[in-house]
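Asker: Residue numbers (my numbering), protein chains in the order written: chain A, 1 to 372; chain B, 1001 to 1372.
Quick caveat, the hints were computed from the structure, so don't treat them as lab data.
Because the structure is a prediction, the values reported are computed rather than measured.
Cβ atoms here follow ideal geometry from the backbone N, Cα and C, with glycine treated the same way.
A hint or two may mislead.
Coverage of chain B stretches by chain A, computed from C-beta distances (three or more under 8 Å per stretch; other residues unrestricted) [claimed, not checked]:
| id | stretch |
| --- | --- |
| 1 | 1130 to 1142 |
| 2 | 1342 to 1351 |
| 3 | 1355 to 1368 |
Some residues of chain A that are not near chain B, with every Cβ distance over 12 Å (derived) [unchecked claim]:
| id | residue |
| --- | --- |
| 4 | Gly-118 |
| 5 | Lys-136 |
| 6 | Glu-218 |
| 7 | Gly-220 |
There are 2 protein chains.
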Amino acid sequence: MMERFQVVYRITGDEKDAYTKAKDICLEQTVEFPAELVPGGLIQDHIVGRIEEFHSDGPDHYQAVISYAAETTAFELTQLFNVIFGNISIKTGNRVEKIELTPALAGCFHGPRFGREGLRTRLGIPARPMLFTALKPMGLTALELAELAYKFATGGIDIIKDDHGLSNQGFAGYHERVEQCCRAVERANRETGQRAVYVPNVTAPYGEIAARARFAKEAGAGGLLVAPGLTGFDVMRALADDDEIGLPVFSHPAFIGSYVVSPDDGISHFALFGQMMRLAGADGVVYPNYGGRFSFSRAECAHIAEGTAVSMHGIKSAFPCPGGGMSIDSIPDMLTVYGNEVVFLVGGGLFRHGPDIVENCRYFRSLVEKTQ
Amino acid sequence: MMERFQVVYRITGDEKDAYTKAKDICLEQTVEFPAELVPGGLIQDHIVGRIEEFHSDGPDHYQAVISYAAETTAFELTQLFNVIFGNISIKTGNRVEKIELTPALAGCFHGPRFGREGLRTRLGIPARPMLFTALKPMGLTALELAELAYKFATGGIDIIKDDHGLSNQGFAGYHERVEQCCRAVERANRETGQRAVYVPNVTAPYGEIAARARFAKEAGAGGLLVAPGLTGFDVMRALADDDEIGLPVFSHPAFIGSYVVSPDDGISHFALFGQMMRLAGADGVVYPNYGGRFSFSRAECAHIAEGTAVSMHGIKSAFPCPGGGMSIDSIPDMLTVYGNEVVFLVGGGLFRHGPDIVENCRYFRSLVEKTQ
Chain A
1 MMERFQVVYR ITGDEKDAYT KAKDICLEQT VEFPAELVPG GLIQDHIVGR
51 IEEFHSDGPD HYQAVISYAA ETTAFELTQL FNVIFGNISI KTGNRVEKIE
101 LTPALAGCFH GPRFGREGLR TRLGIPARPM LFTALKPMGL TALELAELAY
151 KFATGGIDII KDDHGLSNQG FAGYHERVEQ CCRAVERANR ETGQRAVYVP
201 NVTAPYGEIA ARARFAKEAG AGGLLVAPGL TGFDVMRALA DDDEIGLPVF
251 SHPAFIGSYV VSPDDGISHF ALFGQMMRLA GADGVVYPNY GGRFSFSRAE
301 CAHIAEGTAV SMHGIKSAFP CPGGGMSIDS IPDMLTVYGN EVVFLVGGGL
351 FRHGPDIVEN CRYFRSLVEK TQ
Chain B
1001 MMERFQVVYR ITGDEKDAYT KAKDICLEQT VEFPAELVPG GLIQDHIVGR
1051 IEEFHSDGPD HYQAVISYAA ETTAFELTQL FNVIFGNISI KTGNRVEKIE
1101 LTPALAGCFH GPRFGREGLR TRLGIPARPM LFTALKPMGL TALELAELAY
1151 KFATGGIDII KDDHGLSNQG FAGYHERVEQ CCRAVERANR ETGQRAVYVP
1201 NVTAPYGEIA ARARFAKEAG AGGLLVAPGL TGFDVMRALA DDDEIGLPVF
1251 SHPAFIGSYV VSPDDGISHF ALFGQMMRLA GADGVVYPNY GGRFSFSRAE
1301 CAHIAEGTAV SMHGIKSAFP CPGGGMSIDS IPDMLTVYGN EVVFLVGGGL
1351 FRHGPDIVEN CRYFRSLVEK TQ
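Modelling step: build the complete structure from the supplied sequences, incorporating the hints.
Answerer: The following block contains the structure:
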């Protein structure tokens, strides 16, 4: 017998319409074939999706739990995501709420290499929230970015990433930037005795990503930033799985927001930024925090945090990395939502707080430490 | 001076809000930095996006034409798409309507290797609409799929693709399926004297896609099917650009629908299925036709067809391949929308028309030929 995994969908419509849609999902995500022509036996009994539960989920919304044979996924991330949401992404009123893999299917994916615990061990930060910032603005030279990285590390920031728009532009070419920023952070670490890391952006053309990641590893980078909406999720998964690279991976949400902007369509914050990012190997998941310049609500952000830690049969947890227009002053409130299991990403806010960037970083760090 | 390309956005809101959003796009898509802190000189004058035009586009909607320095894209498809729609994908009320590259920037991308004309030449079909179908349902063996491929080719179908859910499942493993289907279509071609092609699905894990594509080429496949929503757009671009492979590429819309389901967010049908698929190398673009089981309107489909052919400084045109629950009987009406520059994709409908699949294909073909 084929083992079955489950996907929880939220469907918009009255009971009859929603049930029809649920039956449609069963066909659309597997055989894409007229129901009356589906061959009996294996295909009818196992390959076609199956409605396991169906119940009301508030006015004009229903929740359908649909199971699929694990074999339909070919045990590949690309095809797993296709079964979960491929064709129905083009239909309205279907939203992926939650993914429930079987232990065997989850075992086909390594997930985050480090996870929350591994990242804490690696960075030598056993309990407090971590501090994360970005090198910007685009247009600075590699040397200017490295100087910023030095200041951030000197001021006590733990993780210093490229802004995700920094790729291989002429004004700060990838190789020069990575070398200089690695050196700058090492210099600061020697002076402070801390273990700050530099995380370059390796969102890049298909044929260059692996080489950029290896270059980063050799130069002494402490992690990799990838925007899976731009590269594809499986590219991030492959980087996370690469034993020669062996670096923590941070996902960036660029180009992926369309999956969550409509409340009745797409994928839930919990599943997309929690479960799917973990399946694709992210140790840390960057997303826009509530109250910043983006539109996620406090509840949605809390769901993301849940999704980064929900039990997934041995797939490690990831750190939520809320950011995006946060100010330093929002940290105390965020601690009430996320607790200590969070990486605070402050970008522009670090420049805004006062004229001395090192002092701003120290203030940011002190705010976090004061709460401990 | 840096050359600038343009993106046309449709923004939701009253005039003041929409203009504020347009200014925000200029920062968000480039420097991600507080406006008042952006350094003067190069960054302020060139790197930050610039509003070139701003005007009403109907009640509570405005159109903003924003220009960006070509250098911000690093001349990479991943970063180009990031500048166009990376961070603002997470905000609501911004929609990419149209992309206007400069000749030099367009020249950084090869686009479709064959385009409409090249595909017609390759398949020996100078003028009429082409006929396209899919091997399904998932769960059939490689031998059963090959037998179907033989029947489709015998009945006069021009392009026979894998259903996009066929990857490397145990019931029809990739290598066996591709070999058998290639052989079956060759056998039919010898008998009919036609030039039908088999197009396997190479949507696959990052490390395996190139090998699967090369295997397909060696086995005699006539094209490749890729779902860029699952693999990443740049993976499709790399396959299209690979001179050793040199096969036509067909894009599948799985997992990409979320960009178009909300009328005020995401990307227009014209830009996503027309312009972006071409930049990413698709010779043929599969999408759901109006009137089938998906929700695209007739106008949206006509815009897709426009986007597949709009002038893009030497980037070849692609064939619109409308499908998805179409029936054979919808063809005459579709000809009035698409004219002859179309590939008709009929899947389940070919099985539904009558019990003899070869006869159904002949009927499908005759309908198309009758119109010529």
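Asker: Count the residues of the stretch 1355 to 1368 of chain B whose Cβ falls closer than 8 Å to any Cβ of chain A, and tell me whether that reaches three.
Answerer: Check failed, 0 qualifying residues.
Asker: Beyond 12 Å from chain B, beta-carbon-wise, is Lys-136 of chain A?
Answerer: Violated, since 6 Å does not exceed 12 Å.
Asker: Do three or more residues from the stretch 1342 to 1351 of chain B put their C-beta atoms closer than 8 Å to C-beta atoms of chain A?
Answerer: Holds, because 3 residues of the stretch 1342 to 1351 of chain B bring their Cβ atoms closer than 8 Å to Cβ atoms of chain A.
Asker: Taking the closest pair, is the beta carbon of Gly-220 of chain A still more than 12 Å from chain B?
Answerer: Answer for Gly-220 of chain A: holds, closest chain B Cβ roughly 23 Å.
Asker: Are there three or more residues in the stretch 1130 to 1142 of chain B whose C-beta lies within less than 8 Å of some C-beta in chain A?
Answerer: holds (count 6)
Asker: Over 12 Å from every CB of chain B: does Glu-218 of chain A meet that, or does the non-interface label fail?
Answerer: The assertion about Glu-218 of chain A holds, with a minimum of 20 Å to chain B.
Asker: Does the no-contact call for Gly-118 of chain A survive, Cβ to all of chain B over 12 Å?
Answerer: Given that every Cβ of chain B is farther than 12 Å from that of Gly-118 of chain A, nearest at about 23 Å, it holds.
Consistency note: the structure conflicts with the earlier hints numbered 3, 5.
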